[in-house]
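Residues per chain, in single letters:
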Amino acid sequence: MYIIVVGGGNVGYGLALELQQLPDYEVTIVELSSSRANALRDELGEMVVHGDGSEIAFLEGVGASRADLLIAVTADDGANLVTCQVASHWFNVPRVIARVNDPRNELLFRRLGINSIVSASGAVMAQIEATLPEHTLIPLMALESAGLQVVTMRVQEGSAVDGQTLRSLTFPQGVLVTIVIHDGTAATPSGDTVLHHGDEIIAVVPREAEDAVRGMVTSPPVAAEE
Amino acid sequence: MRVVIMGCGRVGAGLAQTMQAEGHQVTVLDTDAFAFRRLLPNFAGRRLLGSGTDDRILQEAGIGEAEVFVAVASGDNRNILASQKAREIYGVQRVVTRVKDPLRAELFNGLGLRTFSPTKVGIELAHTSIFAEMPEGAPGAGGGAGA
Chain A
1 MYIIVVGGGN VGYGLALELQ QLPDYEVTIV ELSSSRANAL RDELGEMVVH
51 GDGSEIAFLE GVGASRADLL IAVTADDGAN LVTCQVASHW FNVPRVIARV
101 NDPRNELLFR RLGINSIVSA SGAVMAQIEA TLPEHTLIPL MALESAGLQV
151 VTMRVQEGSA VDGQTLRSLT FPQGVLVTIV IHDGTAATPS GDTVLHHGDE
201 IIAVVPREAE DAVRGMVTSP PVAAEE
Chain B
227 MRVVIMGCGR VGAGLAQTMQ AEGHQVTVLD TDAFAFRRLL PNFAGRRLLG
277 SGTDDRILQE AGIGEAEVFV AVASGDNRNI LASQKAREIY GVQRVVTRVK
327 DPLRAELFNG LGLRTFSPTK VGIELAHTSI FAEMPEGAPG AGGGAGA
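Residue numbers (this note's numbering), protein chains in the order written: chain A, 1 to 226; chain B, 227 to 373.
None of these hints come from the bench; they were simulated from the model. Relax, there's no trap hidden among the hints.
As a list, the in silico DMTMM-like pairs of lysine to aspartate or glutamate whose alpha-carbon atoms are at most 20 Å apart:
| hint | chain 1 | residue 1 | chain 2 | residue 2 |
| --- | --- | --- | --- | --- |
| 1 | B | K326 | A | E55 |
| 2 | B | K346 | A | E55 |
| 3 | B | K326 | B | E350 |
| 4 | B | K326 | A | D52 |
| 5 | B | K346 | B | E332 |
| 6 | B | K326 | A | E60 |
| 7 | B | K326 | A | D76 |
With the Cβ distance kept under 10 Å, some of the chain A side facing chain B (calculated, not the full set):
| hint | residue |
| --- | --- |
| 8 | I56 |
| 9 | D76 |
| 10 | A79 |
| 11 | V82 |
| 12 | T83 |
| 13 | N105 |
| 14 | L107 |
| 15 | L108 |
| 16 | R111 |
Even glycine gets a Cβ: it sits at the ideal position worked out from N, Cα and C.
Please put together the full structure from these sequences, using the hints given.
Encoded structure:
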């Protein structure tokens, strides 16, 4: 497995340290600044290459056409986007991951087909949400191509789903309740499964249904649903 | 037409001046206020301080109603990011992007942008000039690759 990491800042450096441990991985770190590249090379050795990762001719030289994965983690969203597009469209790299520094660029990256996006602010937000006592819906994993998320939620007392069987509930289209954890025991639910407050639910939720689902596990039933 | 130009360098300023003289409604963006000095005092378009990669600035420039977006700022990647944003997010019909690296220009031309590479054009002009039959003492073609 050959991985090219573009950007030797703190993120790229940390990534390199991790990937270096894995036996069957060949890794190249690309860094634009020559002084930074030299400093990294002192520690990481020959895997560090000085150059512009968004330049086609340069990527050719580091063997982009045989790369299995390219990860662009510079502090410049333009460079990350272009690097990933060059990798996918010019070199047919099967998988690319881009770091998004400005969260407002996320939508553009998605529209342009970047399969995986790492957003520092998004990751921090997920951590913050997880620590809030009233946390209710935490994204565990994004399935970008399908616009889905795997989430975990905790059923709140008196919410619309509390005490109800799954069969009696109408979740938004596309929601799959896959695991219900009751008293520490995980089970695949059936239509007869009753949800209790305190239960944890693992579900696949379309991005646009997230707010509706959150509402169902946290808020009392809406009168109109009677 | 409503035209948004990202980058008020020699090319951006000159183009803004030309388009405005033709009666188009022009907004020029630059991250450096000093760059606007290149516009003539009679320039009647808008000058907006900020980056064309920034959604807030693009919206302030009226990107949603623009028919044309031109990216001629200094960095290729910035130009490409802003141009794709104009096209994919704000639905601008005609997006023209300067990409100095000829290969990158070619790639993004295939991905829906109208790109031009001053490097490629400059090489061709210089090469043509070398072999052009010149009257004695005449200077060569004047349009270099100055950015």
